[in-house]
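Visitor: Keeping the supplied structure of chain A fixed, place chain B upon it in accordance with the hints.
Each chain, letter by letter, is given below.
Number of protein chains: 2
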Amino acid sequence: MATDNPATHDPATDAQLAAIDAWWRAANYLSVGQLYLRQNALLRRPLQNQDIKRRLLGHWGTTPGLTFVYAHLNRVITDRDQDVLLVAGPGHGGPALVASTWLEGSYSEIYGAVSRDEAGMELLVRQFSYPGGIPSHAAPETPGSINEGGELGYSLAHGFGAVLDNPGLVAAVVIGDGEAETGALSASWDAHVFVDPHRDGAVLPILHLNGWKIANPTVLARMPQDQLERRMRGHGYEPFFVTVDDPDAVDVAHRDFAATLDACLDRIAGIQAHARGGTSASADTAEDEARREPWPMIVLRSPKGWTGPTEVDGKPVEGTWRAHQIPLPVSPDDDAAREALTAWMRSYRPEDLFDDDGRPRPQLTALSPVGDRRLGATPFANGGRLLAPLRLPPVTPVAADVPEPGRQRNSPMLTLGSWLAEVIRANPETFRLFGPDETASNRLQHVYEATDKAWNARLLPVDENLAPDGRVIEVLSEHLCQGLLEGYLLTGRHGVFDCYEAFVHIVDSMFNQHAKWLKVHQRLPWRQPIASFTYLLSSHVWQQDHNGFSHQDPGFIDHAVNKSADVVRVYLPPDTNTLLSTMDHCLRSTDRINIVVSGKQPSLTWLGPEDAAHHCARGLGVWEFAGTERAGEKPDVVLACAGDVPTTETVAAAQLLAHHVPDLSVRVVNVVDLMRLIDDRSHPHGLSAADFDGIFTEDRPVIFAYHGYASLIHRLTYKRTNHAGMHVRGYHEEGTTTTPFDMALLNGIDRYQLAIDAIDRVPALHGTQTVLRQRLQDAQLAARAYTREVGEDPDHITDWSLAADPVL
Amino acid sequence: MATDNPATHDPATDAQLAAIDAWWRAANYLSVGQLYLRQNALLRRPLQNQDIKRRLLGHWGTTPGLTFVYAHLNRVITDRDQDVLLVAGPGHGGPALVASTWLEGSYSEIYGAVSRDEAGMELLVRQFSYPGGIPSHAAPETPGSINEGGELGYSLAHGFGAVLDNPGLVAAVVIGDGEAETGALSASWDAHVFVDPHRDGAVLPILHLNGWKIANPTVLARMPQDQLERRMRGHGYEPFFVTVDDPDAVDVAHRDFAATLDACLDRIAGIQAHARGGTSASADTAEDEARREPWPMIVLRSPKGWTGPTEVDGKPVEGTWRAHQIPLPVSPDDDAAREALTAWMRSYRPEDLFDDDGRPRPQLTALSPVGDRRLGATPFANGGRLLAPLRLPPVTPVAADVPEPGRQRNSPMLTLGSWLAEVIRANPETFRLFGPDETASNRLQHVYEATDKAWNARLLPVDENLAPDGRVIEVLSEHLCQGLLEGYLLTGRHGVFDCYEAFVHIVDSMFNQHAKWLKVHQRLPWRQPIASFTYLLSSHVWQQDHNGFSHQDPGFIDHAVNKSADVVRVYLPPDTNTLLSTMDHCLRSTDRINIVVSGKQPSLTWLGPEDAAHHCARGLGVWEFAGTERAGEKPDVVLACAGDVPTTETVAAAQLLAHHVPDLSVRVVNVVDLMRLIDDRSHPHGLSAADFDGIFTEDRPVIFAYHGYASLIHRLTYKRTNHAGMHVRGYHEEGTTTTPFDMALLNGIDRYQLAIDAIDRVPALHGTQTVLRQRLQDAQLAARAYTREVGEDPDHITDWSLAADPVL
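First to last, the sequence lines map onto chains A and B.
For what it's worth, full-length UniProt numbering labels the leading residue of the first sequence as 1, then goes sequentially.
For what it's worth, full-length UniProt numbering labels the leading residue of the second sequence as 1, then goes sequentially.
Just so you know, these hints were derived from the structure itself, not from any lab.
Quick caveat, the model's predicted, so the values are computed rather than measured.
Beta carbons are placed, not taken as given, at the ideal position from N, Cα and C, and that holds for glycine.
Where hints are given, some of them may not hold.
Stated by the list, open to error - The list that follows gives simulated cross-link-like pairs (lysine-lysine, DSS-like), each with its CA atoms no further than 30 angstroms apart:
1) A/K519 to B/K519
2) A/K600 to B/K315
3) A/K315 to B/K600
4) B/K519 to A/K600
5) B/K519 to A/K634
6) B/K634 to B/K719
7) B/K719 to A/K719
8) A/K719 to A/K634
9) A/K719 to B/K634
10) A/K519 to A/K315
11) B/K519 to B/K719
What the hints assert, rightly or not - From the derived model, a few chain A residues whose C-beta atoms are all more than 10 angstroms from chain B:
12) E474
13) G621
14) P662
Just chain A, with the same shape it has in the complex (with noise of 0.2 angstroms):
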C-alpha cells in the first residue's frame, strides 16, 4: 500500500559519508584500546610489555557492528532533528558504546576525569574491563544505555517500552542474531501490536546478522535469505537488508547503510503521519485495517569483528565465532603480537582521527549532534530527568467503610481497581498498567471504566474494551510485560505490573537484572531516580481452587530478598484499604523494586481508611481490637501474621483462644511491610531491636502465620532476641485442587491448628487443654471431611467473621 511520505530527506552526501567513516574508524581504535591497553592509548610510542593489559577481557565481535550503526545514526538525528535512542542489545557492547559517548563528549561531561584529549583517552582504555573500572556490556554506568546487552533479550521489550506516550521518540533497537533465540526476544517482536503510531513513537528494529554467538552460527544468520524475509514479514515488519559480502567494501556499505536508515526512518514519518491525521481510536473499519501498515526494520548482516584481524595463526577470524572476544592473543612479553596489535590499531589511521592533544579532530566531532539530542546525552535514557511524580487521587472515595473491624467483605483488588481508574485518568499520559491476560482475572477490571486495552490489530464487533489507545497493555507474555514496563520506567514513566503470584517466577532473571540495575544506578549521581518497578501479585498461593499445584508458589518474595536492602521492598497488605494505602505509597516511590502480593477474593476487611494509612505507615502493629491483652502486662502468647489469609486465619484463632481459653493474654501483630522484621542496621525499613522485642517480646511464643514459604521469615528474623520463640507456619508445598480452607488446611496454617500450636506452646497450659485441643483437631477433620463430601468449604468457615460466635 502506498504511503503518504511527508519527511523524504536528502541523501547522505559523500562528505557526510566521509565523516561518518572517519567516525567508525575512531571508535573502533578506541574500542580496540580498550580491550588490550594499560596506557599509550594513541601508540604515541611502540607499544611495550607494560602498556598491555594483564587480562585481556572483552568482546571485540559485535562492536565495529556497533559503532557503525552508532556513526550512522548521528548523521540522521541532526538531519532530521530527531529524537533517537539507541538500544544495543547484543552482548557485550560496552567498548563500542564507551568509545562512541567520549567521541561526542557525553562521556567526558559525566566523568570529568575521562576528559576528551589525551589525558582522559589514557583513563579511558584503562578502565575498561579493569579491576575497579568499568564493565564491558553497557551498563548503568554507561551513558546512553537504558539496561541491555548484560543478560541477553530484553532489548526489544526496552525499546517499545520507550516509546510508548514519546510520540517524537525513535528507539532503534540494534538487536544481536544470538539475543534473538531468546525467548524474551522471540516473544518481543509482536509488541507493535500494542503501539499506537498517533501517540506513541516508534522502534526501528536493526536485526544485527554477525552470524556467530560465542561459539557457534545463529539460526538467523543460516536461514535462506527469503525465509528471514518471510519470518520478519511474518512479525509485522517490513524488513530492508543492508548486506556486506566483501569487508574491504566498506564505502558500499556506508552508502547502503545511510540510504536504508533514510528510507526506514521516512517510512516511519509516512505512518506516523498518516495515522496523525486521522482519528486513531475509532472503531475497526476496512480503512483502519489499511492503516496497519508494516513498520520498517532493517537487517543489517556484516561479518563478526569486521575491520578485525583476518586470520590468526593460519585460522580465519572476521567473521568468524574466533572474533567474538579477543580476537588476537598478545601476551605482553610476546612482540610479535604486540606488533600485530600495533598494525591493526593503526589501520585506523589514527592520526587522522585525533590531533595532537589527542583531541578528536573537527571531521568528527562535526557528525555528532549535540546536546541533549546526543545518543549518550538524551534524556530518554537517563529517565529521571524527564520523571513527574504521578498525580494520586485520594483513596478514601473508594476505600471500603468499616464501622467495625472484620464484618464485612471486601474484594481487595476489585477496590483497587477503581482507584486505578482514577489514577489512569488523572495521568493520562504517563501512567499504564501491564498485564499477561490477567488483569481481569485478578478483578482489576474497574480499570476498563477509564480505559481500554491497547490493541493496534483487527477488531470484531464482539470485541470489549480494546482500542489502539487504550492505557491496559496485556499479552501473555511475562517476559513482555516486565520488558515493557522497565522500558517505559527507565524513560520517566510510571506504571504497575499485576500478575499470578505462581507464574511471576518467569520473570526471575529479568527481575535481577533491573534490580542490579537499580543498585548500581543508584550510585551514580548524574543518573536521576526514576518510578520505582511495582508488581502486583494476585491469584495467589491459597486462592487457586481452579488451578491447583501448577499455580501455586509464593517463593518470588524468597527469590527477591536476595537482591539489595536498597531496592527491595515487600508488602503483604491484609485487606482492600491497607492494600489500597501500599499502592498509594509505592506509585509515590522511586527507585525501589516493590513487590505487592493481594487476594482478589471478597474478605474481611479489618481496618478503616485511617488507621490502614497508619497501620501501613508503621509496617506493622498490634491490632488491639483481635487480641486478649491486658493493659501493662505481657503477652502470654504473640499470634503474628503477614498475608491476607493468613490474617483472617489467625485472628479466627485469636477469637478461638479468647472463647476458650479466656484467661489466656493472646497479642495479635500484623505484618504489612515484611522488611521491617529485619533489623534497622541491615535494612533501611528495618525495626530497631527494642522496637521489635517491643512488639514481639523477647521470650514468648510467636506463633508466626506467614503467606509464603516459613523459612523466610525465620531467615529475616534470624538476629532477634526471641528468634528461637518463631513458630512459623507458612506454604510448605502441599497444594491441589481443592479448597481455600482445605488448602490451609493442608499446609498447617489454618485457625484450628495455630489456636493448637498456641496452647502447646504456652507453658502455663501444658497438659490442661487436652479436651480442646482434641476438639481443634476433630474441628480439622470434620471440615475436611465436609469439603471432600461436598464440594466446598462449611458454612462457619466460608460465613466466619469477627462478629460470629467461634464455632469449631
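Guide: Just chain B now, kept in the frame of chain A:
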C-alpha cells in the same frame, strides 16, 4: 520441491468420519459433565440441585479443540500403525484428556475405580476440579501427558525433546494461541534446526487458533492469514490451514482435518524416507540444502468453546472469550440454567454414544487404537517404562592424580568434559548435552572429541563440530534447552543441561513446574521413575571477571530448596575429582533434580579419585590434612566450606592460622552435598543430630564460607544445636568487573577475613592477636591495591597452594 512419498494412505471413509464425530461428541459430553456434575452423569433423571457442583471450576474453551484433535489422531494411529505422542499445550485441557483416555480405556486401566461404565462415569465427572480430585489441566495424574498445560509455553519444546532419538515417533503438539505468545513457545519454533530426520522422529505442530485467551484476543488469531502463513514459513514450516468458519458445518470440518492430517503425516514420512535413504551426517552440499524441506504444521482455526452455548443472556459465548471458563453459569437452584445445561449435554446425543451400562458403544471403541498405541497408554508418555540405565564409564582414567592435597591445579569442567565424551560414546542414542551456547565457554569442549553439535541448517567451510547427528544441542535460549531436556527425560532418556550459573534463573519457573511434576509423579505407582534432571552450573559467581555484576547470581540454589525434599539435591564439589564423582552419582539417579555447581578455571585439587568418591558418598567430612586438630580434643574453631572458591579460601585461612597461631586447634569441614546440613527428619539426605554435632561441635564457633547467599546456610542449619555458633560468609551482591580474589575481598569471603573471623570468635584469643589481626587487614588492603594498579591478582594469591608458605 517435490517429495518422494512412500506412504500415502487412503482418505478417511464416511464411516470413519462418522465414528470420529461420535467419538468427539462423547468426549465433549464427558467434558461438560466433568465441569458441572457431581452425579447423574448419564442424565438418567432430570438434573437436580444436588447433581450440580457447588463450585464450577473448569475451562470449557479449549476443550472441544483438543477432543477434536484426539479423535482424529485415533484414526491415523491405527491406519498407519504409527506411534504418536499427543502434547496438549493449551491451558486447562484437563477435561478433554481425561474424557478421551476414559473413552479409549487407558484411564480405567490405571484408575480401576473410574471404570468404563456408568459407575466409573459417575466418579469421572465428580472427581474433576473437586476437593481431593484431579486438576483442571493436564498433570502427572493424566495418562498420556508429559507435563503440559499448567504453566504455559513448554509444549513445543517438550514435543521436540520427545522425538529426539525416537525415529518412529510423531509428537502431535497442540499449541494454544495464548500459549504461542509466551517467550518459551516463541523460541521453540526453531527447534527443528536440531532435529535430524535421519535419526530423530518428527514434531507435528498444531497451532490451535480459537482466537482468545482468558479475556483478550490473541495476536496470532487476529493477524491476516497471509501474514500468518509467512510467519510459519519463516519459522521453517509449511502450514496447512483448517478453518472452521461455520460451527455447525461439522462434517466439513471433520473431512478437512482428516485430509490435512493425512497430508501432513505423508509429508513427514516423505521427508524421513528421503533423509533415511541417503546419508545424513555428511558435509554440506547443495543437495543437503535441498533436503531441508520445511516440516508440515497445521493451523486449526475453530471457535472457542465450539459446540457449547451460542449465546447466554443475550451475549455471544461460543467463539468468544466468554467461553473460556464456565460458559453457562449454573447455580444449583436455578431451574432454567439446569435445563439449559441439560439441553447442551443432550445435544451430543448421549444415547447414541453410551450403552445402557454407560459403556462407550462399539463404534467409539473401534476407533481407538489398541494397547500401547493409545494416546493415554503410550510408553512415550510414561518414559520410565522405556528407561535403561546409562552405561557409565569409570571416572578414574580421566581423574586427576593427587599425590598430595592442594599441590596441583586442574580445571574441573575441562576434566569432566573428557568423561562426558566417554559417556556419549558409550550411550550413543540415550544421552545428550544441552547448553545455551556455553558448552565450550563452560570448558566442556572435550565432548567434541566424541560428537558434534546438532545442526540441520546451512553449513559453511569454516564451521567446526557441527553435524545433523551431533549429541550436543546449543541454542541461545535457556528455555529451549530446559524444555528439550525435559521432553527427552520424560520420554525415558538421559541428559545434562550446562549453563552459566547466573542465567539459569531464566528457567526458574520451568524448574518449578518440573519439580512439582516430579513430586506428584513419584506418588503415582503407575508412573515409572525417569532419569533425573541434572543442572551443571559453571562460570559461576566467583569467576565472572569477564562479565561482572550482571553475571553474578548464586541464587538458583535458594530458589530450588523451596521445592520438595524428595526431589531437590544440591552439590558443590570442591575440585575436579569430587565433580567427577558427583556427576557419576547424578547420572545414576532417578526422579530427582540435581544442581551441581562447579568452577571451570584451573583450581587446586584436594582429593584423589578414591578419597573423592568416599567424600562424595558421605556428602561432607572433616579434612584432616587441612586442619590442626589434636586427636581426642574438641577443636577451638571449625572452618567449614561449601563450593570451590570458598574451599580454597578456607584451606588457606586454616594454613594462615596454623602458621601464625600454631596452638590453635582448627577443624576444616568441607560440604559437597548441601542437603546433609538439614536434619535427617526433614530431608532424606539429612544428617542425624548426633552426627552433625560430632562434626560441627555443639558449641565451638563455626566460620562457614559458602558459595552463595549466606542466609541459606542459616536456613539449613536452623534447628541444629550449634546454630547460634554459625558465622556464615557468602556472596552479598557486591560485584563488579574485577579479579577473582578481588571478588572474594569485596564479599568478605577471602582467606584473611576468614582467619580474622576465627580469631575474633575464639574466646581464648580475645585481645591477644591484635598484631596478627592488623597484619591480616593490611594484607587485604595490599591485595586490593595491587589488583587495582596492576590489573591482576598478586602472585602470592594466584600461585598459592597448600604446599606454599602462607604469605601475608
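Visitor: Are the hints correct? Go through all of them and say.
Guide: Each hint tested on the structure:
The suggested pairing of A/K519 with B/K519 is violated, with an alpha-carbon distance near 37 angstroms, which exceeds 30 angstroms. Taken as a hint, the A/K600 and B/K315 pair is honoured in the structure, with Cα atoms around 26 angstroms apart against an allowance of 30 angstroms. Under the criterion of a C-alpha separation no larger than 30 angstroms, the hint pairing A/K315 with B/K600 is consistent with the structure, at around 26 angstroms. Distance check on the hinted pair: B/K519 and A/K600 sit about 28 angstroms apart at the alpha-carbon level, within 30 angstroms; holds.
Taking the CA atoms of B/K519 and A/K634, the gap is about 44 angstroms. The hint is violated against a cut of 30 angstroms. For a cut-off of 30 angstroms, the pair hint linking B/K634 to B/K719 stands: about 22 angstroms separates their Cα positions. A distance of roughly 15 angstroms separates the Cα atoms of B/K719 and A/K719; the hinted pair therefore holds under the 30 angstroms criterion. The straight-line distance between the Cα atoms of A/K719 and A/K634 is roughly 21 angstroms, inside the 30 angstroms bound, and the hint therefore holds.
Restraint check for A/K719 and B/K634: the C-alpha separation of about 27 angstroms stays at or below 30 angstroms, so the hint holds. Of the supplied pair hints, the one linking A/K519 and A/K315 is violated, its CA atoms being roughly 43 angstroms apart against a limit of 30 angstroms. For the hint pairing B/K519 with B/K719, the CA-to-CA distance comes to about 25 angstroms; that is within 30 angstroms, so the pair holds. With 10 angstroms as the threshold on Cβ separation, the claim that A/E474 sits away from chain B is violated: the shortest Cβ distance comes to roughly 5 angstroms.
With a minimum CB-CB distance of about 26 angstroms to chain B, A/G621 clears the 10 angstroms threshold, and the non-interface call stands. With a cut of 10 angstroms on Cβ distances, A/P662 stays outside the contact zone with chain B, its closest approach being about 34 angstroms.
The structure fails hints 1, 5, 10 and 12 (numbered hints given earlier, in ascending order).
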